[in-house]
Amino acid sequence: MTKVLKWALLASILAILPFLTDFAFGKTWVRILDFALLYAMLALGLNIVVGFAGLLDLGYVAFFAVGAYFYALLASPHFGLHLPFWLLLPAGAFVAGLFGVLLGAPTLRLRGDYLAIVTLGFGEIIRIFLNNLNAPYNITGGPQGINLIDPIKLGSFALNHPVGGSIPSVYNYYYLFLILALLAAFVSKRLQYSRIGRAWVAIREDEIAAEAMGINTRNTKLLAFAMGASFGGLSGGLFAGFEGFVSPESFTLMESIMILCMVVLGGMGHVRGVILGAILLSIVPEALRYVGPLQESLFGKVYADPSSLRMLIFGLALILVMLLRPAGLWPSPTRKRELSAQGETAKHENDGVYDAGR
Amino acid sequence: MDIFLQQLINGIVLGSIYSLVALGYTLVYGIMGLINFAHGDIVMVGAMVAFTVIHLLSGSGLPMFLIAGIGILAAILVCMAVGYLIEKVAYRPLRGAPRLAPLITAIGVSMLLQNLAMMIWGRGYLSFPALLPAISIPVAGAGISAVQILIVCASAAMMSGLSFLVKKTKLGNAMRATAQNREVATLMGVNANAIISITFIIGSALAAVAGVMVSAYYGVAHYDMGFILGLKAFTAAVLGGIGNIEGAMLGGLLLGIIESMGAGYLGAITGGVMGSNY
Amino acid sequence: MMQGAKLLEVEHVSKNFGGLAALSNVSLTICQGEIYALIGPNGAGKTTLFNVLTGICRPDSGNFRLNGVEMGGKKPSAMAEAGIARTFQNIRLFSNMSAIENVMVGRHCRTKAGILGAIFKDRATRAEEKSIREKAAHLLEYTGIARHAHMLARNLSYGDQRRLEIARALATEPLLLALDEPAAGMNHSETDSLGTLLEAIRADGITILLIEHDVKLVMGICDRLAVLNFGEKIAEGTPTEVGKNPHVIEAYLGGS
Ligand SMILES: Nc1ncnc2c1ncn2[C@@H]1O[C@H](COP(=O)(O)OP(=O)(O)OP(=O)(O)O)[C@@H](O)[C@H]1O
Ligand SMILES: [Mg+2]
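Protein chains in written order, with the numbering used here: chain E, 1 to 358; chain D, 1 to 278; chain Z, 1 to 256.
Since the hints were derived computationally from the structure, they do not count as laboratory data. This one's a predicted model, so the numbers in the text were calculated from it and none came from an experiment. Do not rely on the hints blindly, as some may be mistaken.
Under the rule of at most 27 Å between Cα atoms (straight-line distance), these lysine-lysine pairs were calculated in the DSS-like manner [claimed, not checked]:
id, chain 1, residue 1, chain 2, residue 2
1, D, 88, D, 170
2, E, 3, Z, 112
3, Z, 135, Z, 121
4, Z, 135, Z, 112
5, D, 167, D, 88
6, Z, 135, E, 189
7, E, 3, Z, 130
8, Z, 75, E, 189
9, Z, 112, Z, 75
10, Z, 216, Z, 244
11, Z, 74, E, 189
12, E, 189, E, 6
13, Z, 135, Z, 75
14, Z, 74, Z, 112
15, E, 189, Z, 112
16, Z, 6, Z, 244
17, Z, 112, Z, 130
18, E, 189, E, 3
19, Z, 74, Z, 6
20, Z, 121, E, 6
21, E, 27, E, 189
So, partial list: chain E residues that the calculated Cβ filter (under 8 Å) puts toward chain D [said to hold, decoys possible]:
id, residue
22, 83
23, 86
24, 116
25, 183
26, 326
27, 327
Okay, the calculated beta carbon distance ranges per label pair [unchecked claim]:
id, chain 1, residue 1, chain 2, residue 2, range
28, E, 254, D, 119, 16 to 26 Å
29, D, 160, Z, 41, 37 to 47 Å
30, Z, 124, E, 186, 14 to 24 Å
31, E, 105, D, 63, 54 to 64 Å
32, Z, 127, E, 26, 50 to 60 Å
Just so you know, even glycine gets a beta-carbon here, dropped at the ideal spot from N, CA and C.
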């Protein structure tokens, strides 16, 4: 019963959160919440690749870009196409998934850190292509990107319009993103505790043993890439519809690194932890924007350049959190056991000796 | 002017700088399996410190080569200290932690260094003083400048020094032993922590020199110059087989040559699709 | 004492590492239902033969057949699917998974739920998942480590880790179970109960290929054995026959 109560409480908080946030901090912050949810979806996708299957991917943002451009190209005046979002979002996820397989395939033989650099390279290549495919034919719009992208519409109702003239559009997107983020979390959990999820973890733990147990590691890894990428593609489509504008600038290496930080800092492989990481890392840098005004009100003068001070604090926070909680802020129960294992092993070893007489 | 030869020369110069930086990645990776994301930013710190010192001394009437020498020395010392501190504070406590944890602290350190640098030296491009007269020696239709010669010679000297250190000395032995198997090395009486510190210090010293070289070569220094440079050097290290010293040198040279050939020809061939940024 | 049909026929398998002949022209036949042991001094090539049989390394020449089907050059996962399961000399468990999860992974190649099944959890998937779990629990019971089902594999004692490897291999429903030094690091009583376990597995109709240094265990339970030395098969036969073979005596005494 208490469990039901807890969930009901959580649900109602999530439902009124945009109103509370707006009331306390203003609409900008509801928008930040929207982005936090978007990042939660991205982080959950990367978590499949890095957290479950143990494949270090430093170019994840490429799939976000693929989804965003897919949506932007097919629902904007750029080509004069205006396909509906309910078609474009799943199709974008699918196309991104294909890209996942495509980019994943050549990296399959690589060990961890080589994989990292190759995926990083792919991420950059995709961005460079987006940047340059405006000549000789203008496909991607080049550095300017694509403008006037159709908003996401439910029926005849466009999400970028206020409901009944009173509820602002950032609220609409909040609820849509919330539902999809919860769906992403649900799918992640289902995957984790399935035959495929176990195979992913087995590959992460020991690839040779996994193979010897009959797991086709090539296909299983590709599946991880595809699943992770499709989460990225979905988020990309949402991003394009939400912003109404995409350009290569949104898909830099820094973005990939941030998403990776969300996964690791939250608690790799643990769905709730990853969500927490995504939300914290999208909110904290925004909150740190107040260090400028804060300096002024405290000291009457801005001493340090606020934007660099902000990222400096952010960097420090990353270091401190990892030093204090190496397995992440909210690691999965198993991970926690892993870390405390050293002390326990000796005890179990003794158990083993006594048990043997049986 | 012979474009091919000129690009080759430029490539070799660029490549020797990449090699120096790549060595830092490779040394650290070889010994503790960590991608030291902050290494590129140490290069930047080196450039910045040298810039400040040279600037301060430029009115002192000392001869330029002495000023430059003091600047480089200062850069090396500061970078060594920074490298040592980073390892001690951000990486050492995470031995035995999940493998990606130190990667995240490395990213944090990188942000920290960049933004500190931005606060100290500002956002703008600093114009780095010319350390050598801008003479150019003609070679078969191309030209080599004094700075270029110095860069290549100095890198070659430092790399051979490092090779000697790692292959022939007792310290090098201990380093290789630690890289092979830290526990066993410890059992054999190697102080692994000290060796790791020394590795960081050596890598940082190389980075400092590379930083001064890059800035002297292009004539500018900037707070985020380390990021892209680091990325390229890391690519070079991986290209040469990360953890492998000769590999890093070769990888750096190769990448430099590819990049400068690419800048010379690829743009024309692909109509700018493949820029020189990769 | 050849009983039953031929299960595994290894023919003229050779494998070199650089200049070193880890296996040279090794042929042997293992019959349905026997316990066949492979012995030999360190570095004789025993593990290499296992690696060839499980597809981890490709033989330079030669081939082998399982139930008459050519197997040479297949991938490890295909070998497991065809019915060859193994354990590893230096234990390779999925150390951060619980014992029961390790065994459940072993069921992978005998089950088929995919992504959609995982997400929608339809009736077939639920039933399959339940059968995987039950079978895994049963195997833990069978190998005597059921009480550690939810412990992380890395926290099990050495002997229990070796048993867990056997349980995991059995989960793939093998025709041939290849065990690489399963008694290494075990004490006497552990080794004894391991022998009992192997007998039980054989009684269930699974053929066993066993690498073992513990002479007492080998001679006690195997039907036939082959001796490898420097990559060559120098003797084959029943334990008594091999025990009298002068080549074997020389390999063991002369070698050490
Ligand atoms: N992947 C490999 N690369 C190079 N040499 C190898 C490789 N695997 C095995 N060897 C060599 O092949 C020879 C046979 O090794 P193998 O592991 O098969 O011996 P073994 O009979 O299992 O010995 P032990 O009883 O010590 O386990 C050894 O000399 C070993 O060093
Ligand atoms: Mg062996």
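Checked hints:
Of the supplied pair hints, the one linking residue 88 of chain D and residue 170 of chain D holds, its CA atoms being roughly 23 Å apart against a limit of 27 Å. Annotation: proposed proximity of residue 3 of chain E to residue 112 of chain Z is violated, straight-line Cα distance about 34 Å (limit 27 Å). Taken as a hint, the residue 135 of chain Z and residue 121 of chain Z pair is honoured in the structure, with Cα atoms around 19 Å apart against an allowance of 27 Å. With a C-alpha separation of about 15 Å, the suggested pairing of residue 135 of chain Z with residue 112 of chain Z holds against the 27 Å cut-off.
Of the pairs offered as hints, the one joining residue 167 of chain D and residue 88 of chain D holds, with about 26 Å between alpha carbons and a cut-off of 27 Å not exceeded. Taking the CA atoms of residue 135 of chain Z and residue 189 of chain E, the gap is about 23 Å. The hint holds against a cut of 27 Å. Restraint check: the Cα-Cα separation between residue 3 of chain E and residue 130 of chain Z comes to about 25 Å, which is no more than 27 Å; the hinted pair holds. As the CA atoms of residue 75 of chain Z and residue 189 of chain E are separated by approximately 31 Å, the hinted pair breaks the 27 Å bound.
This hinted pair checks out: residue 112 of chain Z and residue 75 of chain Z have alpha carbons roughly 19 Å apart, not beyond 27 Å. Restraint check for residue 216 of chain Z and residue 244 of chain Z: the C-alpha separation of about 16 Å stays at or below 27 Å, so the hint holds. As the CA atoms of residue 74 of chain Z and residue 189 of chain E are separated by approximately 34 Å, the hinted pair breaks the 27 Å bound. A threshold of 27 Å between alpha carbons decides the hint, and for residue 189 of chain E with residue 6 of chain E the separation of about 19 Å falls inside it, so the pair holds.
Between residue 135 of chain Z and residue 75 of chain Z the CA atoms are separated by roughly 26 Å; this keeps the pair inside 27 Å, and the hint holds. In summary, the hint linking residue 74 of chain Z to residue 112 of chain Z is supported, as the alpha carbons are separated by about 21 Å, within the 27 Å threshold. Our distance criterion of 27 Å between C-alpha atoms is met by residue 189 of chain E and residue 112 of chain Z, whose separation comes to about 19 Å. For the proposed pair residue 6 of chain Z and residue 244 of chain Z, the alpha carbon gap of about 26 Å is at most 27 Å, so the pair holds.
As the CA atoms of residue 112 of chain Z and residue 130 of chain Z are separated by approximately 13 Å, the hinted pair is consistent with the 27 Å bound. With a CA separation close to 18 Å, the supplied pair residue 189 of chain E and residue 3 of chain E stays within the 27 Å bound. Restraint check for residue 74 of chain Z and residue 6 of chain Z: satisfied, since their Cα atoms lie roughly 20 Å apart, inside the 27 Å limit. A distance of roughly 25 Å separates the Cα atoms of residue 121 of chain Z and residue 6 of chain E; the hinted pair therefore holds under the 27 Å criterion.
A hinted pair counts as satisfied when its Cα atoms are at most 27 Å apart, and residue 27 of chain E with residue 189 of chain E does not qualify at roughly 32 Å. The beta carbon of residue 83 of chain E is not positioned within 8 Å of any beta carbon in chain D (closest approach about 27 Å), and the interface hint is therefore violated. The interface hint given for residue 86 of chain E is broken, as the beta carbon of that residue sits about 34 Å from the closest beta carbon of chain D, more than 8 Å. With its C-beta approaching chain D no nearer than about 7 Å, residue 116 of chain E sits inside the 8 Å limit, and its interface hint holds.
Hint on residue 183 of chain E is violated. Least Cβ distance to chain D is approximately 27 Å, over the 8 Å limit. A distance limit of 8 Å between C-beta atoms decides the matter here; for residue 326 of chain E the minimum to chain D is near 3 Å, and the interface restraint holds. Given hint, residue 327 of chain E at the interface with chain D, holds; its Cβ is 6 Å from that chain's nearest Cβ, closer than 8 Å. At about 19 Å, the beta-carbon gap between residue 254 of chain E and residue 119 of chain D stays in the expected band of 16 to 26 Å.
Taking the beta carbon of each, residue 160 of chain D and residue 41 of chain Z are about 45 Å apart, inside 37 to 47 Å as hinted. Remark: the range hint 14 to 24 Å for residue 124 of chain Z to residue 186 of chain E is upheld by a beta-carbon distance near 20 Å. As the Cβ distance of residue 105 of chain E to residue 63 of chain D is approximately 59 Å, the hint placing it in 54 to 64 Å holds. Look at residue 127 of chain Z against residue 26 of chain E: about 53 Å separates their beta carbons, and that is inside 50 to 60 Å.
Of the numbered hints stated above, those contradicted by the structure are hints 2, 8, 11, 21, 22, 23, 25, listed in ascending order.
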